[in-house]
Amino acid sequence: MVKRIKQFGYSKKAAPYLFILPFMLSFLIFFLYPVISIVQMSFQSVLPGMVEYIGMENYKNLLNPTFFKAVKNSLAYTLITLAILIPVPMILACMINSRKMVGKTFFKSALFVPTLTSVVVAGIIFRLLFAESDGALMNQIIGVFGKSPVKWLRNGTTGFMVLIFLAFWRWVGINLLYFLSGLQSIPEEIYESADLDGVNTWQKFRYITVPMLRPITTYVLTISIYGGLAMFTESYMLWAGNSSPNDMGLTIVGYLYRAGWEQNNMGFGSSIGVFLLIVTLAFNAVQMYISNKKERA
Amino acid sequence: MTKKKINAGIMLIFLILSVIVLFPILCLVIGALKPSSEIIRSGLNARIDLDIMGFFNFKSLFTSGTEYFIWFKNSFLLTIVQTLLSLFVSASVAYGFAMYEFKMKKLWFSCMLLIMMIPMEIIMLPLYKEMITFQLIDRFTGVLLPFIAAPIPIFFFYQFLKGISTAFLDAARVDGCTEIGIFVKIILPLMAPAFASMGIYQGMISWNNFLWPLIVLKSNSKMTLPIGLSTLMTPYGNNYDILLAGSVMAIIPVLILFLAFQKYFIAGMTAGGVKG
Numbered sequence: 001m002v003k004r005i006k007q008f009g010y011s012k013k014a015a016p017y018l019f020i021l022p023f024m025l026s027f028l029i030f031f032l033y034p035v036i037s038i039v040q041m042s043f044q045s046v047l048p049g050m051v052e053y054i055g056m057e058n059y060k061n062l063l064n065p066t067f068f069k070a071v072k073n074s075l076a077y078t079l080i081t082l083a084i085l086i087p088v089p090m091i092l093a094c095m096i097n098s099r100k101m102v103g104k105t106f107f108k109s110a111l112f113v114p115t116l117t118s119v120v121v122a123g124i125i126f127r128l129l130f131a132e133s134d135g136a137l138m139n140q141i142i143g144v145f146g147k148s149p150v151k152w153l154r155n156g157t158t159g160f161m162v163l164i165f166l167a168f169w170r171w172v173g174i175n176l177l178y179f180l181s182g183l184q185s186i187p188e189e190i191y192e193s194a195d196l197d198g199v200n201t202w203q204k205f206r207y208i209t210v211p212m213l214r215p216i217t218t219y220v221l222t223i224s225i226y227g228g229l230a231m232f233t234e235s236y237m238l239w240a241g242n243s244s245p246n247d248m249g250l251t252i253v254g255y256l257y258r259a260g261w262e263q264n265n266m267g268f269g270s271s272i273g274v275f276l277l278i279v280t281l282a283f284n285a286v287q288m289y290i291s292n293k294k295e296r297a
Numbered sequence: 001m002t003k004k005k006i007n008a009g010i011m012l013i014f015l016i017l018s019v020i021v022l023f024p025i026l027c028l029v030i031g032a033l034k035p036s037s038e039i040i041r042s043g044l045n046a047r048i049d050l051d052i053m054g055f056f057n058f059k060s061l062f063t064s065g066t067e068y069f070i071w072f073k074n075s076f077l078l079t080i081v082q083t084l085l086s087l088f089v090s091a092s093v094a095y096g097f098a099m100y101e102f103k104m105k106k107l108w109f110s111c112m113l114l115i116m117m118i119p120m121e122i123i124m125l126p127l128y129k130e131m132i133t134f135q136l137i138d139r140f141t142g143v144l145l146p147f148i149a150a151p152i153p154i155f156f157f158y159q160f161l162k163g164i165s166t167a168f169l170d171a172a173r174v175d176g177c178t179e180i181g182i183f184v185k186i187i188l189p190l191m192a193p194a195f196a197s198m199g200i201y202q203g204m205i206s207w208n209n210f211l212w213p214l215i216v217l218k219s220n221s222k223m224t225l226p227i228g229l230s231t232l233m234t235p236y237g238n239n240y241d242i243l244l245a246g247s248v249m250a251i252i253p254v255l256i257l258f259l260a261f262q263k264y265f266i267a268g269m270t271a272g273g274v275k276g
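Those sequence lines, one after another, are chains A and B.
Residue numbering for the first sequence follows the working numbering, starting at 1 and increasing by one per position.
Residue numbering for the second sequence follows the working numbering, starting at 1 and increasing by one per position.
Mixed in with the good hints there might be a few duds.
[Said to hold, decoys possible] Which bits of chain A does chain B cover? Going by a derived footprint, with three or more residues having C-beta under 8 angstroms, they are:
1) 57 to 70
2) 175 to 188
3) 224 to 232
4) 249 to 262
No lab work stands behind these hints, which were simulated from the structure alone.
In this text, all values refer to a predicted model and were calculated from it rather than measured experimentally.
Backbone N, C-alpha and C define an ideal beta-carbon position, used for all residues, glycine too.
Bound conformation, chain A alone (with noise of 0.2 angstroms):
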């Protein structure tokens, strides 16, 4: 016996099983059967003691205002998120990459604190910045120019721009540095050559480093995709609680946390969870065919 696990210490076939096994584990008891399960889970009303099978009831009731009212603001969340948060801290990161400026490190620093507060500490900061009264930070900058106070979060259009605010805050200064990352693996003689052959500023940032940032880009993209459609904790923080007025800040997480676990509904909350898999998939399958399609281009 002793034997055979000193052979198997020594073993390189079996090496490998034992060092992913944690992995494998984990994939099939943590990822893998979950997703098995709420598929199956979105066709059945799953009561405590009680699970039944019910077809596509579940898939029904999703057909309803709030359901509706949740995707379009996860949907319009991600993409206003993505059409600011990637070409704006791009920008900015071309900026300040080969300049010689004084303050670079501060302002480097300075971008990237706010990622270390948590988004609970930044909601409860954005939620009373933006409170109703006339003495609260933005309403006393908006009455500096001579516009009375302002109910931001109980007003649709309002409170969706401390939300894509709130976003801005906390992701500008990493992504800006992402883009600091991939802009410092370009080459500095592509750039000399291109100012040889006469080549204007916006050309090379469109012709250079636009192409040549396409890696760190499509990475920037994947995680503001995900971080986009899961949104939760920052309308969870800014509304104090799952619910909104007119529900202006639900979004479809938000919308299963209820369905799962306000209401106690486990099936309904299934099928919201299936429809969030499938978007999340197709937003995936979207941009690798885009980038994939540019890189053979």
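Using the hints provided, position chain B relative to the given structure of chain A.
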């Protein structure tokens, strides 16, 4: 436009941006020094009024016997344990993928990439049911067990190990070292710089983790800091003294670590970018 003018313009942009980014945190600190009645009345702002400001909120945080420091301790312990465990396990998995050939390696590797793309929130319902079955509800084990083999650290370590020459490993084998011995005695020490970056990445994730602990942990004494803080946020604002002082205290340890290990922080938090 001269180069100097462009430089000045860019500096101005970054200056404004830094103010926008740092100002909310400043307002939080100023707010934490004001009585909670003032916060309820006017929210957060930058007005400094020394007549009403003082350290009373921090004093009551320490003396009024709130559960704040229990939450703090819970978060601290969970962060340390989850980070150490997941780094060790992920290093082992990454080593298996990077250094060996085995059956269905490609399939398992794609499985890992798949997990990276799919938000955990999608499967949290069935995961929660599993935790009930395993009797891990309201226990710290339930918070960390499903996420120990974490795909991002695995991927990062995999990339790191791929860059190491493996020729000298065979020499170790000839000398009679077991496969596990090679991993523990030779590879783990080599991975120290990768551990530093991923330790910070994983530590930040655990320290700030919200939704899953919110679902798993039920009793007040088990809550982590983010969840505890969120329970203090009520529409009535009766806990604002503790809430604001507590939020400041939650940022301080991370800020100190950041100032001390800035380089590792930036490397760790942008680590995923290497994968492109």
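Hint-by-hint comparison with the structure:
As drawn, the region 57 to 70 of chain A meets chain B at 0 residues by the rule of a beta-carbon pair under 8 angstroms; below three, the given contact is violated. With 4 residues bearing a CB less than 8 angstroms from a CB of chain B, the region 175 to 188 of chain A meets the requirement of three and the coverage assertion stands. Here the region 224 to 232 of chain A counts 4 residues with a CB under 8 angstroms from a CB of chain B, which clears the bar of 3, and the coverage holds. Three residues within the 8 angstroms Cβ limit are the bar, and the region 249 to 262 of chain A against chain B gives 5, so the coverage statement holds.
The earlier numbered hint that this structure contradicts is number 1, and it is the only one.
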